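Novice: This is what each chain is made of:
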Amino acid sequence: MSLEIEGLEKHFGDVRAVAGVDLAVGHGEFFTLLGPSGCGKTTILRVIAGIYPADRGRVRLGGVDVTEAPIHARNMALVFQNYALFPHLTVFENVAFGLRMRRLAREEIRRRGREALELVRLGTLAERYPDQLSGGQQQRVSLARALVIRPDLLLLDEPLSNLDARLREEMRGEIRELQRRLGVTTVLVTHDIQEAFAMSDRVAVLEAGRILQTGRPAELYLSPASRFVANFVGPTNEVALAAIRTVGDGTLATTSGGLAIKVAARPGTDAGGKAAWLMIRPENLRLFVAEGETDNRYEALVEDVVYLGAATSCRLAIGDLRLMAAVPSTIGARLAPGVRVAVGWSAEDGVIGHDR
Amino acid sequence: MIAEAAPRARSRMERAGWLFVLPLALVLATGYVWPLFQAGVNSFHLNTPEGIDLGHWTDANYAKLLDPLYQSILERTLRISLIVSAITAVLAYPVAFFIVRLKPKVQPWLILVYVSPWLVNTVVKSFGWSLLLRSNGVINTTLQHLGLIDAPLHLMLNETGVIIALVPGHFMFVLLPLWAAASGLDPNLKWAAGTLGAPPWQIFLRVTLPLTLPSLIAGLVINFTMNMTAFAAPAILGGVRARTVSFLAFQVNLEQLNWPLGGAIAVGLLVFTLAVVWSGQRLAFLAVRSGRTRP
Amino acid sequence: MRAFNAAMIVVMLAPIVLVVWISFTPEAFFRVPLDSFSLRWYREALSYPDFVNAFVLSAKLAALAALMATALSFFAAYGLVRYRLAGRGFLLGFFTSPLVVPAVVFGIAMLQFVNRIGLYNDLIGLLIAHVVVVTPYAIRTLHATLQAVPEEMEWAAMVLGATRLRMLGRVTVPLAARGIVTAFLFCFLLSF
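Protein chains in written order, with our numbering: chain C, 1 to 356; chain A, 1 to 295; chain Z, 1 to 192.
Derived from the structure by calculation, the hints contain no laboratory data.
These numbers were taken from a predicted model, which means no experiment stands behind them.
Cβ atoms here follow ideal geometry from the backbone N, Cα and C, with glycine treated the same way.
It cannot be assumed that every hint is accurate.
[Unchecked claim] Just so you have them, the derived chain Z footprint on chain A, three or more residues with Cβ under 8 Å:
no.	segment
1	20 to 30
2	177 to 187
3	190 to 196
4	200 to 208
5	217 to 230
[As the list claims (entries may be wrong)] Capping the alpha-carbon separation at 20 Å, the derived lysine to aspartate or glutamate pairs in DMTMM-like fashion look like this:
no.	chain 1	residue 1	chain 2	residue 2
6	A	105	C	320
7	C	262	C	320
8	A	190	C	93
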């Protein structure tokens, strides 16, 4: 089933949690709402599920307007951050709950319940109670409970944030696998960029109740539409620009310090008037580059070096400009504060962004 | 922290703990356990015009309890108590869930309203009820004025009056735990049930009720105990027709001055109440974890 | 739903409200004063020595009992919360048990006891009885209150040099103030 949201608004008293959101999720797609706490992503999910009524806007599932439909009639499944397993029911009873509500035959409930538990590899724990399970196991029961009813839409509210790092990675893969196998349209809500990128087909970045940009993970990372998005999806360097000129088939940007930087031409650049910034990812800065190796090359002084294991992060000074570079530690080993090094990057690596 | 301390230090710490507990324990031991024990002992002796005959041990007092007159009083007390508890249980749910949905700042005030009957002296309350319930009281006069009834309703000096007065008086013992449990209910559980297809009445039946049942039962147990042992309300509003065990105990002790018998009644009431409480709790425990597991 | 709850509130408050209202009636028989209010009966009550004495006595007794119960329960609760005493569950249950004992049962027992040791008509017997009856409420309230006071605060104070007693007075009691006042008020109202 496809999902469409049109002009969604929701406020709580004076607070505008959702201030006009439109999005469309295709059938079978894995879509993520990504943003910091308080950006409204959980609110949107709850409106989709019917827990909160929308103040304005429509929600359409498979083309059908479900905005007014009660929670229990929507055939969606919601996996909660704290799992919300019924403490007074066994694991099996939890999973079977949705089937019971649909008044299926006892045999069918038994069969499908077992199937669902096998799907998440918890067949042996059917008779246990939730408080006897580990966090990871509870999460899988929560998933099984949601999937067994064959929902038209699967909603996941930060399902992995209560798990430890290793388990999180494991579950990420499992959930993605399950979703692909079952082909159920899914909307995930999270503040974790890695999670969003690893699992989604498309991601929408939200802030203060609005969607800033929607697209594939690579699009968001390499072509962020705004400073907020660029900073949110990963560490980035921001260079204040004083002037932007089109030169040949590219763009020449000049920093406020007078440095000239070549940037590849992109639609949306040269917005004239609005304050502009150049964004370069730390991993795109190359060190010890020879003359002519890259489009942009400058002499820099190493100010600080931080060893992080596989990578080394260092702070470089080019005149007044400060840039962070991330290099493999094999190269980072040659760096120390006070060393002079040539740093460069290609014209494609820089993205010009404007303040909203 | 305590596990790491050296054994000698550990016992020193424990000793300090006992010191804190001792004063209260002593007061209770002398002013509570000892008198009860003495009364219990007394109940096994006979009462004579000269005083309590401490020479002979007897169970004659307890035998007297089986007297049909006493049994009928017990029966009546039991009946009244169960009816009051049942009414309270039914009324407590809508009230508790109404309060829980109010703004958090407002809730304590409403709870206070329900706690207030118990803070007010029970004699004062019973007097107030008598003004409402008697033949020429507020309720009867109003209803007659409005032409809804011809003759005054007998709302007092019978079991009905006692029941009407006891329900609000002991209501908070059920409301408070129920309200606490309702407040503590994870809203996600309701929403989860909803998304899985449960309409509101199913959510109540399958999620809310089972999860609040332990608190309800805990409250009902106390409520029942209070009902069984209430004195002022039955005395003032029950009249001759609705004597309860507590009044009987009062009569025997202070009017007849038959302390051994009075003690036997007291012990009998205590044992009976505890037995009902215990079985009620067992029932609750079984109900919550009942065999709901199916393959 | 709202109507139902409103009705419930009326039922809860009715007898109290009625008694207060009627106390303002000017006549010597029961009548709900709708037109004329009078403080006549208040004046009479206040000039009735037995009433005033009884009232004052009840108040004194309640205050004393509440004070004793709160103080004793505070220390007992502290002992139960901060120390791993053997059988602390049992002790808490024991301190709470007067709740289960029917008032009439306890009354009878105390009556016989007090008569035996000659404290009949004496204040002390009455005081002890009141303390016993209100202790469950005090201990429950203070137990919960002290559990909510973080032990780290006490350790911080002791590390900085306070003896346990000083620490109690300067740290624990202020932090538990709300609970202590609640317990005291509860006991007072109950006793009165």
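Novice: For every hint, state whether the structure bears it out.
Specialist: Tested hints:
{"no.": "1", "hint": "20 to 30", "verdict": "holds (count 8)"}
{"no.": "2", "hint": "177 to 187", "verdict": "violated (count 0)"}
{"no.": "3", "hint": "190 to 196", "verdict": "violated (count 0)"}
{"no.": "4", "hint": "200 to 208", "verdict": "violated (count 0)"}
{"no.": "5", "hint": "217 to 230", "verdict": "holds (count 4)"}
{"no.": "6", "hint": "A/105 / C/320", "verdict": "violated, 55 Å"}
{"no.": "7", "hint": "C/262 / C/320", "verdict": "holds, 18 Å"}
{"no.": "8", "hint": "A/190 / C/93", "verdict": "holds, 16 Å"}
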